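S.K.: From first to last, the protein sequence lines stand for chains A, B, C and D.
According to the numbering used here, the first sequence holds residues 1 to 146 in order.
According to the numbering used here, the second sequence holds residues 147 to 328 in order.
According to the numbering used here, the third sequence holds residues 329 to 656 in order.
According to the numbering used here, the fourth sequence holds residues 657 to 1031 in order.
Treat the hints loosely; a few may be bogus.
Stated by the list, open to error - Derived list of chain B stretches under chain D, where covered just means 3 residues or more per stretch with a C-beta under 8 Å from a C-beta of chain D:
| hint | region |
| --- | --- |
| 1 | 192 to 202 |
| 2 | 220 to 226 |
| 3 | 240 to 247 |
| 4 | 267 to 274 |
Said to hold, decoys possible - Here chain C is said to cover these stretches of chain D; the calculated rule only asks that three of the stretch's residues, wherever they fall, bring their Cβ under 8 Å from a Cβ of chain C:
| hint | region |
| --- | --- |
| 5 | 726 to 740 |
| 6 | 783 to 794 |
| 7 | 957 to 970 |
| 8 | 1007 to 1013 |
Simulated from the structure, these hints should not be mistaken for lab results.
These numbers were taken from a predicted model, which means no experiment stands behind them.
Heads up, the beta-carbon is just placed ideally off N, CA and C, and yes, glycines get one too.
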Amino acid sequence: MKSYFSELFTGAWSLILGLKVTIKALFSPIVTYQYPREKLVVTPNYRGHIDLVKDAETGAHKCITCGSCMRECPSDCIFLDGEKREGVKGKALTIFTLNFTKCSLCGACVEVCPTDALDYSNEYELAGFTREEFHYDLLKRVEERE
Amino acid sequence: MDINKVKKQWQELSTAVEDIDYAVSGYDYSVCLERDKVRDFAAMMLDEGFYLVDLMAVHVTPAIEVVYQFAHFETRCRVMARAFVDDQVEISTISDIYQGANWHERETRDFHGVVFVGHPYLEPLILAEEDVDLKPLLKEEAKLQDVDAVRRQPPEPAPEPKAKPEPKPEAKPEAVKSQEQS
Amino acid sequence: MEIFYSILPELIRIVVCAVCGAVIVFGNALVMGYAERKLAGHIMLRPGPMEVGPHGIYQLVVDGLKLMGKQLVVPAKADPLLFRFAPLLAFAPVFVPLLVIPFSSKLQGFDLDIGLLVILALASINLLAVLIGGWSSNNKYSLFGAFRAVSQNVAYEIPMLLSLLSIIFMTNTFSLKAVVAAQSPVWFIVIQPLAFLIYLVSIVAETNRAPFDLPEAESELTAGFHTEYSGMSFSLFVLGEYANMFIVSSVATVFFLGGSSGIPLPYFEYSGIIWFMLKVYTLMFFLVWIRWTYPRTRFDQLMNFCWKYLIPFALVNLLITVVMVKLL
Amino acid sequence: MSMDIEVLEDSRHHRYVLNMGPQHPSTHGVLRVLLELEGEYAMELLPVLGYGHRCHEKIAEFKPAKSFMPNTARMDYLGALIYNQGFAQLLEKAAGIEVPERVEYIRVMASELNRIQSHLLWYGAYLLDLGAFTPIMYAFDDREHILDILEDVTGSRLTYCYFRVGGVSKDIDDKFVTSTRAFIDRLRSRFPMYEDLVNGNVILQKRLIDVGELTPHICARYGITGPMLRGTGVAYDLRRAEPYSIYSEFDFEIPTETKGDCMASFLVRFREMEQSLRIIEQALDRLPEGPIMAAKVPKKLKIPAGDYNSSVEAPRGELSYYLVSDGSDVPYRLKVRTPSYSNLSVVPEMCQGMLLSDVVSAMGSLDLVIPEIDR
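Take the sequences, apply the hints, and build the full model.
M.R.: See below:
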């Protein structure tokens, strides 16, 4: 009999405690952001898809077409090729594509690059209607960039 | 758990009991079993309070090797027990002793086609029903290795202590007929 | 013709009451739908609907339009007639109880002698609709929901009635107006706090809301009895639920919180209705508040709570009331 | 699948089969459970797996071992760093690479943050299973802080690929230290709120106490590890039992309960968050300076022939990688022993004769992550 009533009262008290928590929350400021209208600042360390780095001095990319990234990539999503050109040491980059649909963002390509020619972009709003939208031509992107 | 007592029991049941260096391999004992002793071994391990960590198969020649991994809740004692399947790719089940083996055996059946005799419900678990005969983890002829090739090689040049392995792994002269792709 | 003229005022009265009832039902659903989502949002530290209109106030209108535009899917093996009939049955009876509720001393459709009985009888029809809807869907989850709803509602009607009965013993009438009138010095919540608590718990179960929302328990039964319903037929169930919430809260207001009585507001003759609505919506806020606070109970625990706690307490309360009424 | 529903219903007339999943709100992903019900009592259960099978073990046999690192994060998306840790450790052991001390500290802190994050998500999702909608938002509010901290370091929010063989990919900075300290204080101050809202709640206690009781013997037979095992009173935590990394240097408790029911594993998980905070705090205090990459990590990581095992304590229990090498840089066989796989296999025995509602709460207490089961 005693436990019958004590259970009732402790139970009721625990329920009141719960109500206290939620009523406090009801009058607390909200913590969410209305996403497309308000945007959070994304950390500069965010690892988006890779991009070729634009050299501040020369205004060109730093890739020497060694192909390490292509070999290192576990998912075979990088393809690059170059050709021999007059006046350029080694090979000049002619094509550098990233198939982002297969990329797992592991960062192996960035780390293996001997000239630090690759870096992560900060883009995170990635949505598209076709797979082809995610086949990036990085060479074109670096040329178009400011 | 008295490890010496347990080891004695292992020796009775198995063909070889090997002490392994935990710092290098991550487990303590390796036990090689005849396939008809697997059930006795499992029953003995359950009596001693071991739990079944994992059950898997490795495709090597001469036959597929089934590896049972046990560990103990109270003391650090991680055991790998190995047994080869017979010509019919069969081995007896331990799923009535360790019920947790039930799904592991079904999975091994999926991936390697090992038939666990006496299993109550040996149907595809991870793979779809139509892939019964797929056996995806069986090696193709070119990649298949002999069982000795995947065993730990004795250090050849100088008998170094195993606890402090050479930090340069390439330096170790492993006479392995490796046919890996580059 | 003379007969016509003699019943004309009565006819007009019926039409006006029906229109008012419809306005209350739909208006209440809009208000509650919005309030519930907004309150739930703020309890969870998020803003709730924000996109359609300032602070999302048109959200419910948009939702209503969307639901109306949706296809009414009838599952292949469902009973098509009953499947379509169930939402109507859930929704139609909610108008009648509104006629007998005294919103203020003057605002009342009909002051029936059996006012309470009308409300209780018609409120129970909703249960039948849930059963028919769940059964005719030909879905095991729906069927579970329906079964749970029936046993839960039947069980919880007993403490609910017993708690109201103790008021009835004190007032000797089923007329809601008379019950309100009987609370002129003190509200019955002061005299009968236990009955009020029992009634409050029972109406949570009666309206199938969390923590007693077992008939629709989405984590167990996906959506319970309305798993297979889509579009307007689904929203009729929701409308019915909100209307039922309104009715049971009104009954609580009438029986325990003094109905429309309150301090008369200056310059406004019908201040009663404001007090009445304030009390009703306070109770409904409480229902929303507990819904977003507690986990769901288990079925046997729900029944145990009813039989082990609510009914004994209600009976004891009734007994004490009867003795006191006889003595005083 | 192979259990024919019609036949089953025919043969036992009074029973019928309820198909729960693969799309069911409380199976947390693509798990399917066939329940044979009598009334609302589940008399027999048959989990059906494999909807999310992605051939991870097969993939591992086709590329250099260290390229498998991103795959580990995809197995258990909630404990990605701990899966990273296990795999990195496996290769370091096998190739004999010494890891700098700072790396170990960073790994421990990141792993423990990851563990708290996983437990917080479980906490919210479990209460969602039990019908409480609000706690998940509070838990996510806290979890968001961890994700922000880890995003700043690792660059991703969920499927981290942060650890490398021999080190980590990026060093931590002062921002990490300050924001982690701030988070520790914040979460500590939130625990009483959780206690009030959830843990003490009578409805929750009634739902969890005496539901799905396990014993250490059942755990041994099924290979159940992690908080469920600790709920039965066995203080078995691989961070203590087989101290890997630098866990032996930290002072922390292994929370245990004795009853082995859902409430026990619930409380164990809840208290583990507190203990993880303690570990992080100690690691922050002692964080040494140093390199974040081992000095000599060969580019082509050849693994000496033999077999290697690496076991770590994942949020859900014991995670073991077993690698068989033939001496090349590509694993000959890699087997991943995932905790949820063994934990879920107890369901047919644990849930027998339970009410449907209890099946939901018992399965929720397993803290299932289906991709880790299907691999």
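S.K.: Taking a Cβ-Cβ distance under 8 Å as contact, does the region 240 to 247 of chain B have three or more residues in contact with chain D?
M.R.: That given contact holds, which follows from 4 residues of the region 240 to 247 of chain B lying within Cβ reach (below 8 Å) of chain D.
S.K.: Verify the coverage statement for the region 267 to 274 of chain B against chain D, using a C-beta to C-beta distance below 8 Å and requiring 3 or more qualifying residues.
M.R.: holds (count 6)
S.K.: Apply the coverage criterion to the region 957 to 970 of chain D and chain C: a residue qualifies when its Cβ sits closer than 8 Å to a Cβ of the chain, and three qualifying residues are needed.
M.R.: violated (count 0)
S.K.: Between the region 726 to 740 of chain D and chain C, see if three or more residues pass the 8 Å beta-carbon test, and mark the coverage as holds or violated.
M.R.: violated (count 0)
S.K.: Cut-off 8 Å, C-beta pairs, minimum 3 residues; does the coverage of the region 1007 to 1013 of chain D by chain C stand?
M.R.: Since three or more residues must qualify, the claim that chain C covers the region 1007 to 1013 of chain D holds, with 3 doing so at under 8 Å.
S.K.: Are three or more residues of the region 783 to 794 of chain D within 8 Å, CB to CB, of chain C?
M.R.: Check passed, 10 qualifying residues.
S.K.: Count residues of the region 220 to 226 of chain B with a Cβ under 8 Å from any Cβ of chain D, then say if the count reaches three.
M.R.: With 4 residues in contact (Cβ-Cβ under 8 Å with chain D), the coverage given for the region 220 to 226 of chain B holds.
S.K.: Counting residues of the region 192 to 202 of chain B whose CB is closer than 8 Å to a CB in chain D, do you get three or more?
M.R.: holds (count 8)
Comparing the model with each earlier hint shows violations of hints 5 and 7; every other hint is respected.
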